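> Residues per chain are reported as follows:
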Amino acid sequence: MELWFSEKHTKGVKLSIQVNKQIYSGKSDFQRIDVFESEVFGRFLTLDGIMMLTEKDEFIYHEMIVHVPMAVHPDPKKVLVIGAGDGGVVRELTRYNSVSEIDLVEIDGEVIEVCKKYLPKTACRMDDPRVKIHIQDGLKYVRKCENIYDLIIVDSTDPFGPGEGLFTKEFYGNCFKALKEDGIMVNQHESPFYKDDAAAMQRAHKRIVESFPISRVYQAHIPTYPSGHWLFGFASRGYHPINDFDSAKWRALGIKTRYYNTGIHLGAFTLPNYVQQLLEEVE
Amino acid sequence: MSKLNQDKAPIMEALLNFDSMRVVPFDVPGHKRGRGNPELTAFLGSQCMRFDVNSMKPLDNLCHPTSVIAEAERLAADAFGAAHAFFMVSGTTSAVQAMIMSVCQRGDKIILPRNVHKCVINAVILCGAIPVYINPRQSERLGISLGMMLSDVERVVLENPDAKAVFVNNPTYYGVCSNLPAIIRLAHKHNMKVLADEAHGTHFYFGEGLPVAAMRAGADMSSVSMHKSGGSLTQSSLLLAGSEMNEGHIRQIINLTQTTSASYLLLSSLDISRRRLALSGREIFNSVSKMAEYARREINEIGDYYAYGKDLANGDEVFDFDTTKLAVNTLDTGLAGIEVYDVLRDEYDIQIEFGDLGNILAYLSMGDSYKDLERLVGALSEIRRRLKRDRAGMFSYEYINPKVILPPQQAFYTRKESVPIKEGAGRICGEFIMCYPPGIPVLAPGEEITYETIRYIEYAKEKGCLLTGTEDLAVERINVLKE
Chain C
7 MELWFSEKHT KGVKLSIQVN KQIYSGKSDF QRIDVFESEV FGRFLTLDGI
57 MMLTEKDEFI YHEMIVHVPM AVHPDPKKVL VIGAGDGGVV RELTRYNSVS
107 EIDLVEIDGE VIEVCKKYLP KTACRMDDPR VKIHIQDGLK YVRKCENIYD
157 LIIVDSTDPF GPGEGLFTKE FYGNCFKALK EDGIMVNQHE SPFYKDDAAA
207 MQRAHKRIVE SFPISRVYQA HIPTYPSGHW LFGFASRGYH PINDFDSAKW
257 RALGIKTRYY NTGIHLGAFT LPNYVQQLLE EVE
Chain H
176 MSKLNQDKAP IMEALLNFDS MRVVPFDVPG HKRGRGNPEL TAFLGSQCMR
226 FDVNSMKPLD NLCHPTSVIA EAERLAADAF GAAHAFFMVS GTTSAVQAMI
276 MSVCQRGDKI ILPRNVHKCV INAVILCGAI PVYINPRQSE RLGISLGMML
326 SDVERVVLEN PDAKAVFVNN PTYYGVCSNL PAIIRLAHKH NMKVLADEAH
376 GTHFYFGEGL PVAAMRAGAD MSSVSMHKSG GSLTQSSLLL AGSEMNEGHI
426 RQIINLTQTT SASYLLLSSL DISRRRLALS GREIFNSVSK MAEYARREIN
476 EIGDYYAYGK DLANGDEVFD FDTTKLAVNT LDTGLAGIEV YDVLRDEYDI
526 QIEFGDLGNI LAYLSMGDSY KDLERLVGAL SEIRRRLKRD RAGMFSYEYI
576 NPKVILPPQQ AFYTRKESVP IKEGAGRICG EFIMCYPPGI PVLAPGEEIT
626 YETIRYIEYA KEKGCLLTGT EDLAVERINV LKE
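So the protein lines, in turn, are chains C and H. Each position in the first sequence, counted from 1, maps to that position plus 6 in this note's numbering. Each position in the second sequence, counted from 1, maps to that position plus 175 in this note's numbering.
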């Protein structure tokens, strides 16, 4: 008997992973939550049938969404994380002693519970005393914040489900307001490759450009996401992701990473021509 | 309340039954269940095309209902507490017109507030009735028209004892209700019928803690936009009548202008929506009210915006307020409502119902969610942060007391000439001009054009209101009566 998990990456293309067993399946107020176990990718989490993370490649995503802004901001203390109920972003953030407070805002409390129970490799630092968990709509949370955070990390799902509100102009504008005057916002920025993903990516970029004085995009290779080519947005009220990047200072912290390094930091902002063109179309 | 079994949906059931017979169509519509027009079928869906069928014995006929449509109308009458219900397929406009033409003939007087939808004055033009206007009270602070004061209605009723009917908005677009029960008692005492425009009041019949519904309060007729808060398809509507009205006469009036090819998509949508409202309307509208309350609280917390609710009620011209309405005054942000309306759509991808000079209205209904409300509130908060300016020079009022010189029908059919609007002062207007929405005329045929109205029209144009009604689509010129 063969048991396979399949996800359509676009019409006519799907990724299948052979599964040993299904570990969890449930339905929250917002979405269907599943955890599977596989030979090749280890355990993996899906929401409404869409891949969120696998134990094998989640390090790429989490390292790139956290260490890039952390290496640019000279003194990040207060961090807001939106989404990220799996705990991967928090795990990477807690490796910095300089971080004094992490507010995690997740709309679906059940995702956090399921990940704590079945995905301990990512959810391992959710009990860190600096972490405060808020079960709330991220859009509502940032609306009430002004001039508070050094860094906001938006680790959202795709803009076609519960995460839709996190790809809007009102959300990015409210994030701008919630940041301190030199704050940085980094977001999951979809993929440039397939048509629907690329359209969502352009839309998000347009909205961010309208809201922040500095807005750049960087990339990483994430094998289990559609096309494997994934983007992140770096938006800031002041710091430039390359000009204000102090590589020696970051290296001196001695944080061990498997994907991120200071060379990748610089290289990740160099984008393929077709991606540059997609971005320029909406700038 | 209901005496009949509201579980049934006779039109839908008849359509399903008819579909299962696999009847070969040698009748209209010519697309023959969609097969003849594959592009349209691909666009609308085959289910939709399959049920776009013609009147026939098993499916009844709206012009002369005797079987399933008659049964569906009985169920609707029962659900709404009326003696008769008529399914309407040309919008609530057709219901309002049938209502007025059922009680007024040429030369008959009808008492109505001036802040009615333009279709009411159109009906008066069609039938030649003489409107006797009651100026609605105004809210200085909000710049909106409120309801009618009971004492104003009483005065006009006593001055016009020969009037045939009193017409009442229940509620206005903004959610304001006049004292309908007292107006009904007063009118009936003077042998006048009471006609209600409940285009925005379908939910009053099913929700809790909402203003009283017209038929429950004893009105003689009401026009109910099922396609607004009732959830049916656009253009479908209900006309309700009380036991004192002659059902057959009303149907004849309706048939003067009604299509003989009524759409079964619209009819079945009325049928299915009535069933849903009768069975679960209470829970549906409780949840809409709660969402509106939540949004009001959050919007008022932002600052400068004023989302009003039952706090407006004063027992008279605001006898009651529909708490499912989410109307927000924007003047303290220094932005006109229409400007906020445009920014919401152009920059935030949020479409609201309308913006006028000082207010916006977001229409909440059974299809909304807290997540979507969050977007609206978040966007309003951002608009204030980014665009707030000094409010000096803001024009706020929505209503100008009209100077009525001639009855609308007479003015409409008198010889006219076209003049630039700016040069129209002192002339008698021969057509409508209004901001749409909300569609309440700034000028109606037969009213004098004043400097005040010209200034208002110029300002509304400058702020980006969509002005309609004039023959000149650019709304630069206006038809006035030849002198």
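Keep in mind that the hints were calculated from the coordinates and are not lab data. Model, not experiment: these values are computed from the prediction. One or more of the hints may lead you astray.
[What the hints assert, rightly or not] Straight-line alpha carbon distances no greater than 27 Å define the calculated DSS-like cross-link-like pairs of lysine-lysine that follow:
no.	chain 1	residue 1	chain 2	residue 2
1	C	K183	H	K546
2	C	K212	H	K339
3	C	K127	C	K150
4	H	K339	H	K284
5	H	K207	H	K178
6	H	K284	C	K150
7	C	K83	C	K27
8	C	K212	C	K127
9	C	K84	C	K127
10	H	K403	H	K465
11	H	K403	C	K150
12	H	K563	C	K33
13	H	K546	C	K122
14	H	K638	H	K563
15	H	K339	C	K150
16	H	K207	C	K212
17	H	K638	C	K33
18	C	K183	H	K563
19	H	K284	C	K186
> Determine for every hint whether it applies to the structure shown.
These are the hints, each one checked on the structure:
1. The suggested pairing of C:K183 with H:K546 holds, with an alpha-carbon distance near 20 Å, which does not exceed 27 Å.
2. With a C-alpha separation of about 59 Å, the suggested pairing of C:K212 with H:K339 is violated against the 27 Å cut-off.
3. Restraint check for C:K127 and C:K150: the C-alpha separation of about 33 Å exceeds 27 Å, so the hint is violated.
4. Only pairs whose Cα atoms come within 27 Å are accepted, and H:K339 paired with H:K284 is accepted, the gap being roughly 6 Å.
5. Between H:K207 and H:K178 the alpha-carbon distance is near 39 Å, which puts this suggested pair outside the 27 Å criterion.
6. Between H:K284 and C:K150 the alpha-carbon distance is near 55 Å, which puts this suggested pair outside the 27 Å criterion.
7. Of the pairs offered as hints, the one joining C:K83 and C:K27 is violated, with about 41 Å between alpha carbons and a cut-off of 27 Å exceeded.
8. Simply put, C:K212 and C:K127 have alpha-carbon atoms about 35 Å apart, too far for the 27 Å limit, and the pair is violated.
9. In summary, the hint linking C:K84 to C:K127 is supported, as the alpha carbons are separated by about 24 Å, within the 27 Å threshold.
10. Between the alpha carbons of H:K403 and H:K465 the distance comes to roughly 18 Å, so the proposed pair stays at or under 27 Å and holds.
11. For the hint linking H:K403 to C:K150, the alpha-carbon distance of about 33 Å lies beyond 27 Å, and the restraint is violated.
12. The suggested pairing of H:K563 with C:K33 is violated, with an alpha-carbon distance near 43 Å, which exceeds 27 Å.
13. Taken as a hint, the H:K546 and C:K122 pair is honoured in the structure, with Cα atoms around 26 Å apart against an allowance of 27 Å.
14. The hinted pair formed by H:K638 and H:K563 meets the criterion: a straight-line CA distance of about 16 Å does not exceed 27 Å.
15. As the CA atoms of H:K339 and C:K150 are separated by approximately 55 Å, the hinted pair breaks the 27 Å bound.
16. Of the pairs offered as hints, the one joining H:K207 and C:K212 is violated, with about 46 Å between alpha carbons and a cut-off of 27 Å exceeded.
17. Restraint check for H:K638 and C:K33: not satisfied, since their Cα atoms lie roughly 48 Å apart, outside the 27 Å limit.
18. At roughly 15 Å between alpha-carbon atoms, C:K183 and H:K563 fall within 27 Å of each other, so this suggested pair holds.
19. About 66 Å separates the Cα atoms of H:K284 and C:K186, which puts this hinted pair outside 27 Å; it is violated.
When the structure is compared with the earlier hints, violations turn up for hints 2, 3, 5, 6, 7, 8, 11, 12, 15, 16, 17, 19 and for no others.
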